[in-house]
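Novice: As you go down the protein sequences, you meet chains F and R in turn.
Quick note: the first sequence uses our numbering, first residue 191, plus one each step.
Quick note: the second sequence uses our numbering, first residue 90, plus one each step.
If we take Cβ atoms under 10 angstroms as the criterion, some of the chain F residues that face chain R in the derived model are:
1) GLY210
2) GLU241
3) PHE248
4) GLY263
5) ASP279
6) GLN336
7) ILE354
8) SER363
9) GLY394
Listed next, with one range per pair, are the computed distances between beta-carbon atoms:
10) F/GLY238 x R/ASP376: 45 to 53 angstroms
11) R/ASP116 x F/SER365: 14 to 22 angstroms
12) F/ARG370 x R/VAL368: 53 to 61 angstroms
13) F/GLU360 x R/GLY358: 50 to 58 angstroms
14) F/PRO347 x R/MET270: 45 to 53 angstroms
15) F/ALA369 x R/GLY94: 19 to 27 angstroms
Honestly, the hints are just simulated from the structure, not real lab data.
All C-beta atoms, glycine included, are put in the ideal place defined by N, C-alpha and C.
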Amino acid sequence: MNGREGATDDVAVVRRMAAGSEAALETLYDRYASAIFAAVYRLTSDRGTAEEVVQETFLALWNRAETFDPAAGSLAAWLHAIARNRTIDRLRAAGRRPSLVALSSAAAPDEDATQALERLVSDGSIVGGARPVAGPEQAFESAGVQEAIGTALASMPEDERTVILLAYQEELSQSEIAARLGWPLGTVKTRTRRALHRLRKGLGAEFGPGAELDVVPVPIGEDR
Amino acid sequence: MDHEGTREQLELAAVEPGGLERLMAGDTPNAQAVAAHLAGCVSCTDELVRLQRAATLIRGSVRQLPPADLKERTLATIRAEGVRRPLAVAVPAAAGAGATVTTEPVNGVPVMASPSTAATVDPDRRTRRTPPWLGWAGTIAAAVVLSVVTTTAVVNNRVDNQLAAQNAEILALESVTTDTMGVAAEPDAEHVALRSVSGPAVTGELVYSPSSTDLVVTATGLTEPPAGQEYRCWIEAGGKREPVGKMFFSTHLAYWTGPVAALAGLQDGARFGVSLVSVSGGSVQKDAVLVGEL
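Bound conformation, chain F alone (with noise of 0.2 angstroms):
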């Protein structure tokens, strides 16, 4: 579906759902909700705040479903702009403010520039208070590095795919997913390195050798 197609169908779609239709509330959460909360996150690098925006900014879509007009702009557009308003909302309420540091002042010692603005984003710290555009290749990269990842952890397995989630989303460590799910630590730590693989050979899928993401191979047995 190309984006005038789901623009037009967008419509159709909050139509029904303004008719009540539940199952087109959903069809629009399926197209919208992971994009927002991407969003989201990267304004706040906070998985709850993103996870409260997005149910208010359904919520909002659902109550004023009326009021949206697609000759005023895009549902994407008009659906980000209200997770934007709830997320600045809630960072006024909470007294922050996005924090402009040197990144000299951030890096470790045996870090420069570069490395430590790559660590700082993989934290999820916001660095600065304007976004720096992204040049064509990064924007690529980006929404491909992503693409990659969700095509990755869609296709492995669940016990696999919850081993991941659990260790980047929430944080836990090998030993704490074992007691959260009550399988023996050496289960989690191979399903834990299966699954890392698979990610790693997506990415090597998407970007090629020359990104250096390719897995050296090393044989894995069944569970232990």
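Got chain F sorted already, so can you dock chain R onto it with the hints?
Specialist: Positioned in the frame of chain F, the structure of chain R alone reads:
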């Protein structure tokens, strides 16, 4: 420690919060064994570099994914807190098979000007940062009450589809009231009385916040547009008009509410207006029926 053991330790550490950093610190016997192997193994050192980069990308991407149960929680929240929408079973039969049914404000109901809004409008009437929104919100609240009263009568006398339409109208008015209160509470909220070009029976009010970019416009005295036409809001800056949204109608009020990105950087002399335009044409280059300076 051999290659396999080293790579297992590296991979497991890459998935733990701060795991690679702790492993590289070498302050446990296991970490020291890994460090000793890495010191003499180029291939495992290269693998560490690849792993660090991959783990950074994966962590950043996975953390931007919503949890799987968020969808169900969101739907549950909407079921509990969302407005009651007219169900498909309450769709008027006249809508016809295959027709798209919406809860857009009721058609064909002439809008009545209230006595308080029938007075002549001062063409220069324009207020900023004064509390007219209290009276304005009161007007909207009164409209809500009137609609509730109307609905009560309908409950006793009308069929389900009429009730559903009235409910939708009440909910729309509630939404306008809520949005108005929200925007008016912003520290930089601006209130503008719109002057009527078409006659004294029509009045309008506008409240907006440049920081939040939210805007609410309401008008009384506007009659619903003829078929094929609509009242389109616009913002004019630098001689150029940009469409904003179309006015919706309840029995006692015409309104539009939503975010407007252009509010974030308004130029001097910018104007807000409402024009009657063709639905199919889309142009807002028409004479305004309501206008005000931003």
